[in-house]
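**Q** Each chain is listed here by its residues.
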Amino acid sequence: MDTIKIIFLAKGGEGIKSISLKLAKAINSTGLFCQSFPEYGPERSGSYISAYLRISDHEILSHYPIKKPTIVISTYELQKYQKGVFYLVNSNQNIRNNNIIFLQAKKLAKKNNCPFFNFVLLGGLLTILEKQFNLDINEILNYFKKDLIISKKDFGLLSLGFIKTKQLL
Amino acid sequence: MRENTISLTGNEAAALAIAQANPQLIAGYPITPVTEILHILSQNINNKKMISQLILPESEHSAISACLGASACNMRTATATASQGLLLMHEVLGVVSGLRLPVVMIVGNRAVSAPLNIHNDHSDTMAIKDSGWLQFYAESVQEIYDLTLLAFKLSEDENINLPIMVCMDGFITTHELNKIKVFDNEFVNEYLPKKTNKNSLFDFDDPKTMGHLALPKDYQNLRLKLEQTIKKSKEIIKQEFSSFEHKMNLIEVYNPLASNFFVCMASACGTIKETLKKDSDWGLLKISVFRPFPNEEIIQILKGKRQVIVLDKSLTLKGNGGHLYEEVRSALYDQDNRPKIYGEIYGLGGKPFYPKDIKKIVKKYD
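Respectively, the protein sequence lines represent chains A and B.
Residues in the first sequence are numbered consecutively from 1, following the numbering used here.
Residues in the second sequence are numbered consecutively from 1001, following the numbering used here.
Excised from the complex, chain A in its bound form (with noise of 0.2 Å):
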């Protein structure tokens, strides 16, 4: 498989790095290889941070940013949207326009009385990682459950994330 490189974009405190350890532990306990790490500075908590992701089939070596993502995560709106990038970005609205989807996580998660979204991006991305580049997260969301590395209010949060998300794609 050609290795999937996922770029996650946040504001630190809003749980993005936590989602993306998490995932890639997950990852991890299938066959697959996943490498995952964080980037921010010194600044930390409301600052702009990033975590990067790759997801392949072979032991992963390198260890530097990812500047070609395969897919972006963001808790922002971005200004520019690179072509071939899958998007998946928390908004106002809930809409798809070509690679881009526009996913109202805050909203979703406020709703259920929960000030944090990441887990609804969470899911999200596994509906992309599932339905765009065919990736079996039975395995993924069993691991979740079992080993209980997330709780049941976030693993509510993530299942809501992939039914939106399954419905705009």
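Everything labelled a hint here was simulated from the structure, so no lab data went into it.
The reader is advised that the hints may include incorrect statements.
Cross-link-like lysine-lysine pairs, in silico, BS3-like; alpha carbons within 30 Å at most [what the hints assert, rightly or not]:
(1) A/LYS152 / B/LYS1049
(2) B/LYS1198 / A/LYS5
(3) B/LYS1048 / A/LYS152
(4) A/LYS67 / B/LYS1360
(5) A/LYS67 / B/LYS1048
(6) B/LYS1273 / A/LYS67
(7) A/LYS68 / B/LYS1049
(8) B/LYS1364 / A/LYS67
Starting from the structure of chain A, add chain B where the hints point.
**A** This is chain B only, laid out in the frame that chain A set:
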């Protein structure tokens, strides 16, 4: 032996190896990018998963001094630091090695001030490269785990008895999560030497003093003996690396038949391997053990090659490029058929090192 495949970050892998080695004393002053190691060890001790004593003193100078004292009493000791913290330890580093005390230190390689920078390069460990500590450099999360266990084993080898630094790239491999193979606690327990009271300051049947004055008639001999021990340690390290369950070597060679070679250390080696094609005329010599420096092994691989490009993540600040460049050049100097040797600086203060940068260097020298 039971082996598990799990996902860990570099800091977690180092903390796991330390926890499995179960040092009697851990002393450290938390510093970015290795703060997490002390968090994890502190949690382990709090949850009674380890029986170590953890000291968080007022500075890195005190932390390494505590390790010195504990090691002199034959306790297994560990610490973790980076950058300014390592430089603050400098005065004591030479005392630890001069007294031949085994201590394992994890360094999350980080740039030194000024200007202030918390990201990766090798300026910190290169500044203390000649302090008598052995230095291992890890390319990946797997190597961080393996080299930490090897460091405990080798530092306590009675023919070595020297402190060892395990260096990992700050915010690169320290924070990267990857799939690695780890041993169970029983295996590590059997693998590492059993601590005894032999040669301890607390061996009251064989009382001794340490750190005494050496006058001119003795000082030079003692320092020369220290250097001889460091030199001789290379063969012991080599044997231990090759017999280790996850086989390692002082150096690793990629594309051995190539006529042009990169020489590099730590995480950038992975990126170089993925960038160079298998049938390329460019190869890589990765140095895993920087101290003792593998002169003979480097000569064996690089003599007769067309050219060698040494990649450095540190500057000598004397107009001569990087530290590794000087070392490789010096190793090859006496060879009649030595290659042309050039130095390139990359990745200072965390500047990313992309495949395009590697290709640019190849184009420049091809």
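**Q** With reference to the structure, classify each hint as holding or not holding.
**A** These are the hints, each one checked on the structure:
no.	hint	result
1	A/LYS152 / B/LYS1049	holds (27 Å)
2	B/LYS1198 / A/LYS5	violated (54 Å)
3	B/LYS1048 / A/LYS152	holds (28 Å)
4	A/LYS67 / B/LYS1360	holds (17 Å)
5	A/LYS67 / B/LYS1048	violated (44 Å)
6	B/LYS1273 / A/LYS67	holds (18 Å)
7	A/LYS68 / B/LYS1049	violated (43 Å)
8	B/LYS1364 / A/LYS67	holds (23 Å)
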